[in-house]
Amino acid sequence: ETGVTQTPRHLVMGMTNKKSLKCEQHLGHNAMYWYKQSAKKPLELMFVYNFKEQTENNSVPSRFSPECPNSSHLFLHLHTLQPEDSALYLCASSQEYSKVTYEQYFGPGTRLTVT
Amino acid sequence: AQSVTQLDSQVPVFEEAPVELRCNYSSSVSVYLFWYVQYPNQGLQLLLKYLSGSTLVESINGFEAEFNKSQTSFHLRKPSVHISDTAEYFCAVSEYNFNKFYFGSGTKLNVKP
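Chains as they are written, first to last, in the working numbering: chain R, 519 to 633; chain S, 401 to 513.
No wet-lab data here; the hints were simulated from the structure. From the three backbone atoms N, C-alpha and C, an ideal C-beta is built for every residue, glycine too. Please note that the accuracy of each hint is not assured.
Coverage of chain R stretches by chain S, computed from C-beta distances (three or more under 8 Å per stretch; other residues unrestricted) [as the list claims (entries may be wrong)]:
1) 555 to 565
2) 623 to 629
Under the rule of at most 30 Å between Cα atoms (straight-line distance), these lysine-lysine pairs were calculated in the DSS-like manner [what the hints assert, rightly or not]:
3) R:540 x S:500
4) S:469 x R:537
5) R:540 x R:554
6) S:500 x R:559
7) R:570 x R:537
8) R:558 x S:508
Derived list of chain S stretches under chain R, where covered just means 3 residues or more per stretch with a C-beta under 8 Å from a C-beta of chain R [as the list claims (entries may be wrong)]:
9) 462 to 469
10) 501 to 507
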């Protein structure tokens, strides 16, 4: 595997379910990101981890819980979601979260549908 | 916080025609500017970026963008598009020293034969 991978690619869950999204990067990067992409809206940055430490949380509801056990893996744990949380969730990585010259590499995303 | 405006949500164009995708941003501080492209069922890929120096930047597949500070714009252009350019294009802005991006809502470019 190369680049940034995300699993599952598609997920349908009820509002009372608990599920997790997984992201893995094979690029040796130290920063990882979760974004939410909704139709006709700008990408929303949710969380940033730099060297496994959370450095950004953009007022994301607590029903979204990130976890970064090491620099290569990032999880997004989901529980008691709402229908408006249905979106494409993108993971990205970059060499480091300190200099903007570091390009972000994106995974293909997980299409989440909350019923 | 920054905001990025992409006025056109969809741009239909015929193959080999020129195209311009517009991007404006709000900023009172110095920023870096980017264009990302998202092909169907894929993640975003960096197309080109402006960090400093020449205000005209180019990509390897014929796109170019020009940074206009006075108009706070970073429009993307290509003189002759191909069917394979069909994708969604995102403009992004970042503040100095942090890898935090503010994205526009995207422009879907649909190239017709």
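Evaluated hints:
Coverage of a stretch by a chain is defined here by at least three residues with a beta carbon nearer than 8 Å to that chain's beta carbons; for the segment 555 to 565 of chain R and chain S the count is 5, and the condition holds. Counting residues of the segment 623 to 629 of chain R whose CB falls under 8 Å from any CB of chain S gives 5; the rule of at least 3 is met. Distance check on the hinted pair: residue 540 of chain R and residue 500 of chain S sit about 21 Å apart at the alpha-carbon level, within 30 Å; holds. For the suggested pair residue 469 of chain S and residue 537 of chain R, the alpha carbons sit about 45 Å apart, so the restraint of at most 30 Å is broken.
For the given pair, residue 540 of chain R sits about 14 Å from residue 554 of chain R by alpha-carbon distance, which is consistent with the 30 Å threshold. Taking the CA atoms of residue 500 of chain S and residue 559 of chain R, the gap is near 17 Å; set against the 30 Å cutoff, the hint holds. Note on residue 570 of chain R and residue 537 of chain R: the hinted pairing holds, with a Cα-Cα distance of about 21 Å set against a maximum of 30 Å. Among the hinted pairs, residue 558 of chain R with residue 508 of chain S is consistent with the structure: their alpha-carbon atoms are about 10 Å apart, no more than 30 Å.
Remark: the segment 462 to 469 of chain S is not confirmed as covered by chain R, as 0 of its residues place a Cβ nearer than 8 Å to a Cβ of that chain, below the required three. Closer than 8 Å: that is the beta-carbon criterion, and the segment 501 to 507 of chain S has 6 residues meeting it against chain R, so the requirement of 3 holds.
When each numbered hint is compared with the structure, violations occur for hints 4, 9.
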